[in-house]
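**Q** Protein chains in written order, with my numbering: chain A, 1 to 195; chain B, 1 to 238.
Just so you know, these hints were derived from the structure itself, not from any lab. There may be inaccurate statements among the hints.
Keeping only pairs whose Cα atoms sit at most 27 Å apart, straight-line, the calculated DSS-like set for lysine-lysine is [as the list claims (entries may be wrong)]:
hint	chain 1	residue 1	chain 2	residue 2
1	A	K139	B	K103
2	A	K139	B	K27
3	B	K106	A	K69
4	A	K133	B	K103
5	A	K138	A	K87
6	A	K133	A	K148
7	B	K218	A	K133
8	B	K156	A	K138
9	B	K103	B	K72
10	A	K32	A	K139
11	B	K103	A	K147
12	B	K235	B	K216
13	B	K28	B	K103
14	A	K133	B	K106
15	A	K138	B	K27
16	A	K68	A	K138
17	B	K72	A	K133
18	A	K32	A	K11
19	B	K235	B	K218
20	B	K175	B	K225
21	A	K68	A	K139
22	A	K69	A	K138
23	B	K103	B	K27
24	A	K32	A	K68
25	A	K148	A	K32
26	A	K138	B	K218
27	B	K27	B	K157
28	B	K106	A	K139
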Amino acid sequence: MNRPDRPRDLKETFLETARLEALLFTSREPVKPESILDYLNIDIDRLETILEELNRKYDAGSSGILIKKTGGGLQLVTHPGLHEDLKEFYSIRRTSRLHIASLETLAIIAYRQPTTIAEISRMRNVNSVSPVKNLLQKKLIRITGRKKVPGLPALYATTREFLLYFGLNDLSELPSLEELTEMFEEKEQPSLFKN
Amino acid sequence: MIEESYQVNTGSFSGPLDLLLHLIRRKKMDILNISIHEITAEYLGYLEHLQGIDPSREGDFLMTAATLIYLKSRSLLPRLEAEDGEEASPEQEFLHTLIEYDKIQKISGLLREMEEEELLFWSRDRFEEDFGEVEYDLKEVSSFQLAEVFYHILRKKEQEDLRVVPAKEYSMEEKRSEILQIIRREGYLNFNEYIRDCRSLVEIIITLFCILEIVKQKAATAVQKTRFGTISVFKRES
Numbered sequence: 001m002n003r004p005d006r007p008r009d010l011k012e013t014f015l016e017t018a019r020l021e022a023l024l025f026t027s028r029e030p031v032k033p034e035s036i037l038d039y040l041n042i043d044i045d046r047l048e049t050i051l052e053e054l055n056r057k058y059d060a061g062s063s064g065i066l067i068k069k070t071g072g073g074l075q076l077v078t079h080p081g082l083h084e085d086l087k088e089f090y091s092i093r094r095t096s097r098l099h100i101a102s103l104e105t106l107a108i109i110a111y112r113q114p115t116t117i118a119e120i121s122r123m124r125n126v127n128s129v130s131p132v133k134n135l136l137q138k139k140l141i142r143i144t145g146r147k148k149v150p151g152l153p154a155l156y157a158t159t160r161e162f163l164l165y166f167g168l169n170d171l172s173e174l175p176s177l178e179e180l181t182e183m184f185e186e187k188e189q190p191s192l193f194k195n
Numbered sequence: 001m002i003e004e005s006y007q008v009n010t011g012s013f014s015g016p017l018d019l020l021l022h023l024i025r026r027k028k029m030d031i032l033n034i035s036i037h038e039i040t041a042e043y044l045g046y047l048e049h050l051q052g053i054d055p056s057r058e059g060d061f062l063m064t065a066a067t068l069i070y071l072k073s074r075s076l077l078p079r080l081e082a083e084d085g086e087e088a089s090p091e092q093e094f095l096h097t098l099i100e101y102d103k104i105q106k107i108s109g110l111l112r113e114m115e116e117e118e119l120l121f122w123s124r125d126r127f128e129e130d131f132g133e134v135e136y137d138l139k140e141v142s143s144f145q146l147a148e149v150f151y152h153i154l155r156k157k158e159q160e161d162l163r164v165v166p167a168k169e170y171s172m173e174e175k176r177s178e179i180l181q182i183i184r185r186e187g188y189l190n191f192n193e194y195i196r197d198c199r200s201l202v203e204i205i206i207t208l209f210c211i212l213e214i215v216k217q218k219a220a221t222a223v224q225k226t227r228f229g230t231i232s233v234f235k236r237e238s
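Using the sequences and the hints given, assemble the complete structure.
**A** If you want it as structure tokens, here you go:
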């Protein structure tokens, strides 16, 4: 019997592209390039070609999804232009963002990791236990060990979720302190009157 | 137009340094060249306008106020030359903290921009995070979550208001000499009668153990005439 909704068989020439697409579609998190190479049994050059093929489909300005390099892997995500649209469909009033205290705490941990709560509190001049707890709950930071000083305080560092949350592939993508100084020096004047 | 007022509560600032920088910027002062006198007055003025300071919540703000007053008082007093040794002065230290904090704020601003940008991309995992009750796989539970759960269990236990009933500790040693004393004095010990005065099952068990021990050591003889009948322990003539 002929069922009309049955998809056509995959073309042999596009099999690898289709397999990668299916893999990215089903994965909940970014897929590491090594896993893809292993799964498709291809080399890195071939992967680049397949990615180009896929991106040709997605980048044409007609697709609602695209492939994003994030968290050190590849992930299918929606087009940023559809953000408001999706929010409306799912009746989300506002997107939850990190509280400023958490963001400051995260900034310190990102640049000083691994570091302790005492150090964070000292730099912010404010007790920072609750933002640290909040960040732990959100899995943006984790405890990596204990500092060998009296009291053996926990040491905190950023996680892979942290990279994902900010769209980074690894920590080196964060601007260095030197770069930051340059950046801030340039736009020092206008930022003075912010807030 | 909204008037710039003091009536902002400290909750709108992420901490005392945030407030301080806000005041410095409003005064259009350069961080590297702040007037301690002026800014201390501003800062204290701000705190005064808060309706009743809650020390547990605003403690960090008061702490910074104390530091500012300390620095101000230092600037009013003549200083000995010898004081300026190799150690950084409190002024330098505070200034350093402020400059560092200024950097942190700028990095935070950068992270905020990155966050805003990333939130536009929707992926499956973010989707699950925002809606639906996520049922964590076992492998996804971090040690922190585990510790947190444990903490809540402990807290729950605390609220149960359990009373501690002190248990009497019976030592084999004491029981043994007590039994031997009775046998020596009375010539024998009736087990059933003796255990009637025992306060717990544990005490009865210990008594039985002691009797067995004494019999084994041949310090006494135990006789039971009928099944389930009482055990009589007699002194053994040596």
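**Q** Against this structure, judge whether each hint is valid.
**A** Okay, the hints, checked on the actual structure:
1. Restraint check for K139 (chain A) and K103 (chain B): satisfied, since their Cα atoms lie roughly 24 Å apart, inside the 27 Å limit.
2. Between K139 (chain A) and K27 (chain B), the direct Cα distance comes to roughly 39 Å. Violation of the 27 Å bound is thereby established for this hinted pair.
3. Restraint check for K106 (chain B) and K69 (chain A): the C-alpha separation of about 26 Å stays at or below 27 Å, so the hint holds.
4. Distance check on the hinted pair: K133 (chain A) and K103 (chain B) sit about 23 Å apart at the alpha-carbon level, within 27 Å; holds.
5. This hinted pair checks out: K138 (chain A) and K87 (chain A) have alpha carbons roughly 21 Å apart, not beyond 27 Å.
6. The suggested pairing of K133 (chain A) with K148 (chain A) holds, with an alpha-carbon distance near 21 Å, which does not exceed 27 Å.
7. With a C-alpha separation of about 66 Å, the suggested pair K218 (chain B) and K133 (chain A) falls outside the 27 Å cut-off, and the hint is violated.
8. A threshold of 27 Å between alpha carbons decides the hint, and for K156 (chain B) with K138 (chain A) the separation of about 24 Å falls inside it, so the pair holds.
9. This hinted pair checks out: K103 (chain B) and K72 (chain B) have alpha carbons roughly 24 Å apart, not beyond 27 Å.
10. Our distance criterion of 27 Å between C-alpha atoms is met by K32 (chain A) and K139 (chain A), whose separation comes to about 20 Å.
11. With a CA separation close to 25 Å, the supplied pair K103 (chain B) and K147 (chain A) stays within the 27 Å bound.
12. Under the criterion of a C-alpha separation no larger than 27 Å, the hint pairing K235 (chain B) with K216 (chain B) is consistent with the structure, at around 13 Å.
13. Among the hinted pairs, K28 (chain B) with K103 (chain B) is consistent with the structure: their alpha-carbon atoms are about 18 Å apart, no more than 27 Å.
14. Of the pairs offered as hints, the one joining K133 (chain A) and K106 (chain B) holds, with about 23 Å between alpha carbons and a cut-off of 27 Å not exceeded.
15. For the proposed pair K138 (chain A) and K27 (chain B), the alpha carbon gap of about 38 Å is over 27 Å, so the pair is violated.
16. Restraint check for K68 (chain A) and K138 (chain A): the C-alpha separation of about 22 Å stays at or below 27 Å, so the hint holds.
17. A distance of roughly 36 Å separates the Cα atoms of K72 (chain B) and K133 (chain A); the hinted pair therefore is violated under the 27 Å criterion.
18. Only pairs whose Cα atoms come within 27 Å are accepted, and K32 (chain A) paired with K11 (chain A) is accepted, the gap being roughly 26 Å.
19. Taken as a hint, the K235 (chain B) and K218 (chain B) pair is honoured in the structure, with Cα atoms around 10 Å apart against an allowance of 27 Å.
20. At roughly 24 Å between alpha-carbon atoms, K175 (chain B) and K225 (chain B) fall within 27 Å of each other, so this suggested pair holds.
21. Taking the CA atoms of K68 (chain A) and K139 (chain A), the gap is near 21 Å; set against the 27 Å cutoff, the hint holds.
22. Between K69 (chain A) and K138 (chain A) the alpha-carbon distance is near 22 Å, which keeps this suggested pair within the 27 Å criterion.
23. Pair hint K103 (chain B) plus K27 (chain B) holds up; C-alpha atoms about 19 Å apart against a cutoff of 27 Å.
24. This hinted pair checks out: K32 (chain A) and K68 (chain A) have alpha carbons roughly 12 Å apart, not beyond 27 Å.
25. Of the supplied pair hints, the one linking K148 (chain A) and K32 (chain A) is violated, its CA atoms being roughly 35 Å apart against a limit of 27 Å.
26. With a CA separation close to 70 Å, the supplied pair K138 (chain A) and K218 (chain B) exceeds the 27 Å bound.
27. Of the supplied pair hints, the one linking K27 (chain B) and K157 (chain B) is violated, its CA atoms being roughly 53 Å apart against a limit of 27 Å.
28. Of the supplied pair hints, the one linking K106 (chain B) and K139 (chain A) holds, its CA atoms being roughly 23 Å apart against a limit of 27 Å.
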